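*Asks:* Spelled out from the first residue to the last, the chains are:
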Amino acid sequence: MAKDKAKDSGKTKKAKDVGEEAPPVIAEESATWPNGRPNYTSLAAAVQGETARFNIPGVQVAIFHKGTLDVGVAGVADLVTKQPVTPETIFQIGSISKIFTTTVALSLVDEGKLDLDTPIVTWVPELPLADEEARTTITLRHIFSHSAGFEGDTFEDYGRGTDSVLKAVLDFGKLEQWFRPGELFSYNNNGFVLAALVMERVTGQEFEQLVQERIFTPLKLESSVYFAENAITYPHALGHFLKKREDGYEIAKPYSFPRQINAPGGIIGTAADLVRFAQAHANGGELDGARILKQETAELMQTPIINSWDQYTSYGQGWWISEYPGLRVVVHGGSTLGFKATLRFSPEEDFFFAALTNGDPGASAYESLWEWALKHYLDYELPENEPIELGKKELDGLTGLYARQNMRIKVTRDKKHIVVRAYDIDPESGEEKDDGRPESSKTFRLEPFASQRPFDFQVIDGPSKGTIFQFLPRPEKDDPDRILIRVGGRTAARAEGPFA
Amino acid sequence: MATRSESENDAVETAAWPEGRPAYTSLAAAVQGEAARWNVPGVAVAVYHEGELIEASAGVTSIATKVPLQPHAVFQIGSISKVFATTLALTLVDEGKLDLDEPVITYVPELPLADAEARKTITMRHLLSHSSGLEGDRFGDYGRGDDALDKAIARFDILEQWFRPGEAFAYCNTGFYLVGLITNRLTGKSWEAALQERVLDPWGLSETVLFAEDAITRHHAVGHFLPSREAGLVIARPYWNRRHATPAGGVLSTVGDLVTFAQAHLNGGELNGARVLKAETAQLMQTPFIKAGVNRHYGQGWSIETHDGVAQIGHGGATDGFRANLTAIPEKGFVIAQLTNADPGRTAMEQIEAWALEHYLGITHPKAPIVPADASRLDAIAGVYTRHSMRTTLTAAGDHLAADVTLLDPDSGEEGGQRTFAAYPIDAGDEWVYRVDSGEFAGLTMEFLDLPTADDPNRLLLRLAGRVAAKEPAPKKPRRRTTKKATDA
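Residue numbers (numbering that gives the first Met the number 0), protein chains in the order written: chain A, 0 to 499; chain B, 0 to 488.
Isolated chain B (complex conformation) (with noise of 0.2 angstroms):
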């Protein structure tokens, strides 16, 4: 099939949000369609379904050049680069130079952490599992040098310390900039290199790279932004890369290797005759560890979830104008890799991975039901949600709770973009999680953590798509830091 030319782009510009997805009857149609649908520039997907590996793309690398986008172009994979920093430590705990139960300051003496219990008591499976309360997205630039992890950790005094290591789920970047450091100590490498020897090289993924000078010589998408259906997309400037990130979302690569990846941890760490972890520590990953949602967890790197008892490993990714997706069922032996090149990928990488495990495993999750609010519930609920980027005010409004977010500028704190929903309580249990029903943010959930502390017993967090904030009153620092724009990675 051709690329889609100027004038069908022009045309889904301008279409109303479409209803429902069609009954594509190939992977290639699927892609083609949501690609459409979504108003995203280029989508590549490969499923390894019993024994086959299927690929296909839709759309283009750039809309500035058009290039027509190939299955092998080279994509950020953002946040699924976490499931390579934990798969590069976990060598380190396979070979005895790493405990996961050792407080990270045996690794990292000079921590700076301002809470002392959390400082002494975080340890490594804290962090692969994002279980250790630290507040995660902070980003910052530290330059481009091999000293930026140190940087960044050296002003980790700022991070607010939302809960007692372990005691949560809370989703969080900065805690891989700490496990890339460990790591950048215990191998005496660059986090890059460590991971190019330890697990690129050994596994095969010639596709993956680290560094845009690398991709630039290659196949690769370039990211979008759509800041509204009207304005249409543009291209996303700079090419997000902060070197201290990079173990937390920073790597780049294929479907067809991000495919590969995942087959490597199916097949119990050993791929090919090279055995990265062993068969056990591949296990642990896949194994939940901490509670993240309705239906989810965190083992050591991997979220999992699971539906009618079969478990689905897998991860996201977000980086500037790029959406990623990863996901591997291991009873299945099933997996699928989705890079998207723009903001609303994550749409279409949701609708064309529930095709795919309807058409190819004839599994489908059926979307949770609405059930009545509790209205004594929803006023507990109600009042003012601040992290430093973000600011949510929830408000009870009978059936459901009306959100209203106010980004912040975590440089200076001013008010930046709006957005507004609605949140109804689902089906979750005997748990109250309310899920966005439009917008943005549709099908996230909110889910309300009771963690008193003494100086606020009745302290209650709100956790929206895996973040977490405080409702106000909460202990505040001063802010002193100056950060770049947030960016989920």
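For reference, chain A alone in the conformation it holds in the complex (with noise of 0.2 angstroms):
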């Protein structure tokens, strides 16, 4: 496009930076909550509708069934431009990038380089753990078990030297210990940093350069970088942030975490170089010839050791393992900076799943397309949810009136039951909108199930039976009761009550 301007004022014209501009708008502000998935017949279908239904700015989904792969795609690359997702587009893939850093690491550990349970500080003496108990005993295995026990997640900036990784880890004496290694699981991107100083130490080489010819080159994974300045060369997604949904989305600045993070976060890259990375995981450690881990290190990897999450999924070297009746997943997910994103593959069934999506709501999406895909590849559907009762007093602490801009959510309890009954309110006179919408769609009621979090809900009937309404507790110094109710990705935050 070519434009000749001339100014009138005689002053020069100051282009505005993209970032500046009104961030587009693309919530559908009243639009209701989404009511079930529609029966998808392809995975195009599929992603191009649940793009929409959850308003994500872009998603890329690559599946891997039985010797295909199919790639789907919707929605733009960022919010700015308007380019369309395509299949090249690079996402940043963020903690999924801790398969990777622990995959290289044991790859060092099959060639006698370094050991899972050795103590770190054989690599790092100078290690500053303040608890002198930790310092001595912590092991390469309780890191990529997030068992560690050290506080895990601090973004300082610490340079773009390769000396970021030393300086990060110089700092960890600040660090509190909440548990003894091994004790417990809690997930701990800062154990990631040190085991990128521990394989920079061993090889002598920068932790991204063991990544690349460890893993990009051998797999061919040719879309996957670290780093802003090789990851501008490809077409990328930019993330986007939902802080306040009446503003809609704003461009992710900073683009990306400081160096440190690369190895608990910082691969760019598409869906497609994932589900060829998984099926080396699957396949024992070795694709189209190249071996990148021995069989037994790979399926180590995928030995669950410490449960973590649901009653079906446990922790094992980097991979979460969910073990569903007749279905076993590997999982990991990843969420930086405007992204969301995960990896998941069984492989027993050859089914491998992949999912990139840039915008904050972007698990919604992704959780539904994998549903989505369970039943239209493998015709699996996951397990039900199991009920559990909790007391009339919890139930009556998550009770009250939940807002979102001009969505209201009214909380209550009947004898048995929590009632949600959610409706939009018109603007102008704060009252009731008569959207002609029946009843049904908006009154529902809910049971609590089995769940790491403790009050999770799903509607028990009616057209929207299995939908999941999350209540967060989410105090704050000043507000002690504070709490979130989430439901399809959306939260609200309470507004009146608790109405016991």
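To be clear, the hints were calculated from the coordinates, so they are not data collected in a lab.
Computed from a prediction, not measured in an experiment: that's the story for all the values here.
Check before you lean on any hint, since a few could be wrong.
Lysine-lysine pairs mimicking PhoX-like chemistry, simulated, CA-CA at most 20 angstroms apart [to be verified]:
(1) A:166 - B:150
(2) A:293 - A:112
(3) B:65 - A:81
(4) A:409 - A:464
(5) A:293 - A:219
(6) A:409 - A:441
(7) A:166 - B:188
(8) A:391 - A:374
(9) A:374 - A:65
Two chains, two frames, some hints: make the complex.
*Replies:* Dropping the structure here:
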């Protein structure tokens, strides 16, 4: 496009930074809550439909089953240029990167250069953890199973240099030790920074170079990179934040975390590359003649060692493993600055699913697509959630009026159940809008079910049966009773109540 | 106008190189036309003339995404960064923290140059005017860390010293690493943070960024190579970034910000009430200091061309897959900034600038005519000229010099690409200057510098596109260092 623009004022025109433009709003603010997934007959239709239904800027899904790779795409790489997502668009995969990190470390174990049960102080004698017992006993096995016990989420900036990993680790003296190594599962990003340092020490190579040489290159993952300066040359998605729904999406800035976060979450790539990576894992550490791990090591990564999630799910080395009746699924997800991603596969079914999204609510879309894909490709339905009993006092504590812009969710209790009524209001009058929708699409009875969160509920009956409502207590200093409700990936905060 | 379609691109691909430039009647048409004519995927241009800013763009940010290129796209500006680096360094001169004539070892005592005299005598004034005599085109990779400049300078023991400081002009990237390090030391901040605080923020250059992670969330262009017309364009990977070379060539900006930057310089170092440089310092930058070619000098940071008594200041930029140019004519208050995202952008920009100077100012620069060759001079010149990344063999060929260039891998010394061209003597007063007549280097000039040394009283240097190479036999040093592919910054 060309334009010849003469300014009338004689002043220099300043082109706007694209990021400073009013954020484009795609949220359908008065949309009804999603009422169940249509019966899509193809991946393309499913991705298109769910992307729209959950208002995600862009989604890319790759599924490999019985020798065929399907890639479904929908939406845009970013809401400023509105370039369509294509199968080539690269997204940040977030914490799925941890599996790459784990894989490289285990390849060094395979070569005898590292050992999973040797205390890490052997390689990093200056490790400054305050808890001396933890300092001298933590091993890579603890790190890769998130059971090291030290505080896991610090994202400070230690510069762009190769030494950023060392600098970050030298700052670990300030991390709290929450439990003894091996005692519990607690998700730990910092552990992977430490693992990267160990790998750099025993090889003398930069961490990113190790992943390139030991995974990207042999598996021919030609669209997988670290660093913005590599991503910028590929068609790339930008992350989108949905901080306040009424403001719509905004481009996530900064684009990425500081350098030392590459080991826990720095890869940028395609869903198809993730599927290839998972195939190597499913196939015992080898793909198309390129071996990246010994078979027993690949199997070790998928062997449950610590229960970490719901009743079906445990953590191995790097991977989560869900053992549903009749179906074993190996999983890792990723959530980074405006990106949500997942990689799942069933080795027994030769079924691989990778979904990349560039908007905060992306997980809702990919969960729905996962369920659809299981049904469509494997004719499998995930087991029903198992109802539990909650005390009346606990139920009363959840009641109230939850509000999000022009939407209200009134939560009350009858004798046995939580009852929610979701409706839109007229912004002028504040009264309920008469939108002609049937009451059955507004009022739901809920029951709690077993979950890793205390207050997950599902709709018992009616057209929305199975829809999940989550109550998320998020106390703050000045508001100890603060609680959110989340449904369909959308969150509303309690404005009145509880009604007890 | 619409973006060029693929089929139009294909048509350009197979077309013969077009001869003349059409008689465009608007900047938009000129930009559109020249982008297509030279097969440049994206071009952005801003002209400031008589109080008006005129912007135009053509093509796409990337051949992969085909996003239409807007005038506010962020490009690599390459060596135009050196004028930013100079501006920043001179803010320290204005504050009395830096002296242009103090040997730089005062600021960098560990400077490990092999040539003891140069080590003791090179000053900031030499560095900013490319007259230090330091070998200039060494790139290397010293990581992404804040210590990259220190690491790069620690390897300066391998640099050739082409001539005594101040004796001649030889384009010098390495000198600007040193400028960056000195700035870094005197401000106590990273070079990028110092630039942000002392230059970009005061002048409101909010579209100018210093790292790919800041460019990626903006409307940005990606670089492209054109290995040959037949092969077509390919995306340049990786996106060129060498932290230590940022002061020499790593700034990312838009044509709008480049115009604003030039206006601040034309305005004596002050813009909208924000003074970054003293007026006399801004003037010093535009004052010829060392002769750099036909009608051309370097001041401090700026290249200065004079045609019919009218001075044009400016700077070009070339990084992997990007070509950039900024030209200003102080006495006319005229500025043209051009950013392109492919190798052939250089030719497109030359044509667009020539069109714009004629269209807006009625200025034309007729090509210097070819003059008869002096056979004995050609014979004296003939020989092999070498620098670490290029070997040029010149042969006397009657009315011209025949050049045979071999690009050398800076790592291994292995021979890479070959170029052959003819260079004809042109009318350049009492100097012998030879102009390349065709191919990739068309229009570039070759000059020869008689710079005898005690060891080599007949020592002759070839200067091609500002870079020097010594005629063999020349003093040689062992090549120990490994570097990545050399790139013009």
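*Asks:* Taking the hints in turn, state whether each one holds.
*Replies:* Do the hints match the structure? See the list:
1. Proximity of residue 166 of chain A to residue 150 of chain B is assessed by CA-CA distance (about 18 angstroms); at most 20 angstroms being required, the pair is judged to hold.
2. Between residue 293 of chain A and residue 112 of chain A the CA atoms are separated by roughly 14 angstroms; this keeps the pair inside 20 angstroms, and the hint holds.
3. Between residue 65 of chain B and residue 81 of chain A the alpha-carbon distance is near 12 angstroms, which keeps this suggested pair within the 20 angstroms criterion.
4. Annotation: proposed proximity of residue 409 of chain A to residue 464 of chain A holds, straight-line Cα distance about 18 angstroms (limit 20 angstroms).
5. Simply put, residue 293 of chain A and residue 219 of chain A have alpha-carbon atoms about 18 angstroms apart, close enough for the 20 angstroms limit, and the pair holds.
6. Of the pairs offered as hints, the one joining residue 409 of chain A and residue 441 of chain A holds, with about 10 angstroms between alpha carbons and a cut-off of 20 angstroms not exceeded.
7. As the CA atoms of residue 166 of chain A and residue 188 of chain B are separated by approximately 18 angstroms, the hinted pair is consistent with the 20 angstroms bound.
8. At most 20 angstroms may separate the alpha-carbon atoms for a hinted pair to count; residue 391 of chain A and residue 374 of chain A exceed this at roughly 37 angstroms.
9. With a CA separation close to 15 angstroms, the supplied pair residue 374 of chain A and residue 65 of chain A stays within the 20 angstroms bound.
Consistency with the previously given hints fails for number 8 only.
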